[in-house]
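Visitor: Chains as they are written, first to last, in our numbering: chain A, 1 to 199; chain B, 1 to 199.
Read the hints as simulated data drawn from the structure, not as lab findings. Some hints here could point you the wrong way.
Unchecked claim - With a straight-line cut-off of 20 Å between C-alpha atoms, the simulated SDA-like cross-links for lysine to any residue are: (1) A:K103 to B:G105; (2) B:K192 to A:W106; (3) B:K74 to A:W106; (4) B:K103 to A:T187; (5) B:K103 to A:P27; (6) A:K103 to A:A79; (7) B:K103 to A:E28; (8) B:K103 to A:R164.
The primary structure of each chain is shown beneath.
Number of protein chains: 2
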Amino acid sequence: MNIVCLDLEGVLVPEIWIAFSQASGIPELKRTTRDEPDYDKLMRWRLEILRAHHLGLADIQRVISTIEPMEGAKAFLDALREQTQVLILSDTFTQFATPLMRKLGWPTIFCNELIVGQDGMIVDYRIRTAQSKLSTVRALQSIGFQTIASGDSYNDLGMIQASRAGFLFRSPEAIRNAYPQIPACETYDELKNLILQAL
Amino acid sequence: MNIVCLDLEGVLVPEIWIAFSQASGIPELKRTTRDEPDYDKLMRWRLEILRAHHLGLADIQRVISTIEPMEGAKAFLDALREQTQVLILSDTFTQFATPLMRKLGWPTIFCNELIVGQDGMIVDYRIRTAQSKLSTVRALQSIGFQTIASGDSYNDLGMIQASRAGFLFRSPEAIRNAYPQIPACETYDELKNLILQAL
Numbered sequence: 001m002n003i004v005c006l007d008l009e010g011v012l013v014p015e016i017w018i019a020f021s022q023a024s025g026i027p028e029l030k031r032t033t034r035d036e037p038d039y040d041k042l043m044r045w046r047l048e049i050l051r052a053h054h055l056g057l058a059d060i061q062r063v064i065s066t067i068e069p070m071e072g073a074k075a076f077l078d079a080l081r082e083q084t085q086v087l088i089l090s091d092t093f094t095q096f097a098t099p100l101m102r103k104l105g106w107p108t109i110f111c112n113e114l115i116v117g118q119d120g121m122i123v124d125y126r127i128r129t130a131q132s133k134l135s136t137v138r139a140l141q142s143i144g145f146q147t148i149a150s151g152d153s154y155n156d157l158g159m160i161q162a163s164r165a166g167f168l169f170r171s172p173e174a175i176r177n178a179y180p181q182i183p184a185c186e187t188y189d190e191l192k193n194l195i196l197q198a199l
Numbered sequence: 001m002n003i004v005c006l007d008l009e010g011v012l013v014p015e016i017w018i019a020f021s022q023a024s025g026i027p028e029l030k031r032t033t034r035d036e037p038d039y040d041k042l043m044r045w046r047l048e049i050l051r052a053h054h055l056g057l058a059d060i061q062r063v064i065s066t067i068e069p070m071e072g073a074k075a076f077l078d079a080l081r082e083q084t085q086v087l088i089l090s091d092t093f094t095q096f097a098t099p100l101m102r103k104l105g106w107p108t109i110f111c112n113e114l115i116v117g118q119d120g121m122i123v124d125y126r127i128r129t130a131q132s133k134l135s136t137v138r139a140l141q142s143i144g145f146q147t148i149a150s151g152d153s154y155n156d157l158g159m160i161q162a163s164r165a166g167f168l169f170r171s172p173e174a175i176r177n178a179y180p181q182i183p184a185c186e187t188y189d190e191l192k193n194l195i196l197q198a199l
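Please model the entire structure based on the sequences and the hints provided.
Guide: Rendered as structure tokens:
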């Protein structure tokens, strides 16, 4: 029995913090783990900026709801969901993902969670599990699934390499060059064909 | 982080074999584990009857596509999917469930699988994992989820009792009486409220 595990950002929707930075007009929020490798420090700094701009969760979700899935993403996902089971595995937060899940037809997503205060401001965040994508793929395998995985980034390599089949999608050249054994593609048609062949 | 695990047959759609028996006009297929407690024997007998009626998978799916989800099921599921993550955990077969998943807006379903021959006839079946609902809930818990479960039948009791919250839905009186500690309800509005309170 197969299940397809897809990364979200960079595969189905744009990088949420970067798109949010543009949509909200707060350029500081473009900072990523490349600039600040300590993820917890980066997240606390981001939450500080949101507070400084008096942006509560509802405001942020309003901005995120102006972000569109990548062109062709919904049709790709719809076609896949008719053929097999699909889970989106992401390190983003449920509350950020929700407006985008609505636009993608409510696929199932496993991600992390923001902790929101009584006043609607984000006060903290909660990581579901360590190495979430790899751990999730391993848990699915433990209950009889064969996994097929695709993503674009370093945090996708674990689930891709642990899966029966795995594909890089629109990955940076550095990753493609470092992992030439992982098939890589650029279009949804190519990715769909690779997945359907693997099924 | 929460995830809701729902039984399929009796909760969102009618019992598939019984509905199929009616829709196909093959009354023998009404036989259940109450009449033949050996599941494997029952399934092999069912597959024999399908073969005798020259019903291949495509024919069966055509009949199943005339079966409708229970009244209010899709609205209930849609409302739930906007609030939290939902998985359908079922002991039916992917290929039988697919026409019904289409009508329910393609929720994610974890179930079993039929093995279909070159000629489109069903030759065998494959169980994903032993005690599939309980095992799946345990695997979800191992990757940081708190589960909330609901079902109507004996094979749902394991996941209901292992979950942070669990509810019987339209259960036979015998089960409700034997498990008075499990909250039971009859309508989607009641079930939705119980689940939202537990979230």
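Visitor: Would you mind marking each hint as holding or not holding in the structure?
Guide: A quick look at each hint next to the structure:
no.	hint	verdict
1	A:K103 to B:G105	13 Å, holds
2	B:K192 to A:W106	18 Å, holds
3	B:K74 to A:W106	13 Å, holds
4	B:K103 to A:T187	29 Å, violated
5	B:K103 to A:P27	43 Å, violated
6	A:K103 to A:A79	15 Å, holds
7	B:K103 to A:E28	45 Å, violated
8	B:K103 to A:R164	30 Å, violated
The structure does not agree with the numbered hints 4, 5, 7 and 8 stated previously, though it agrees with the rest.
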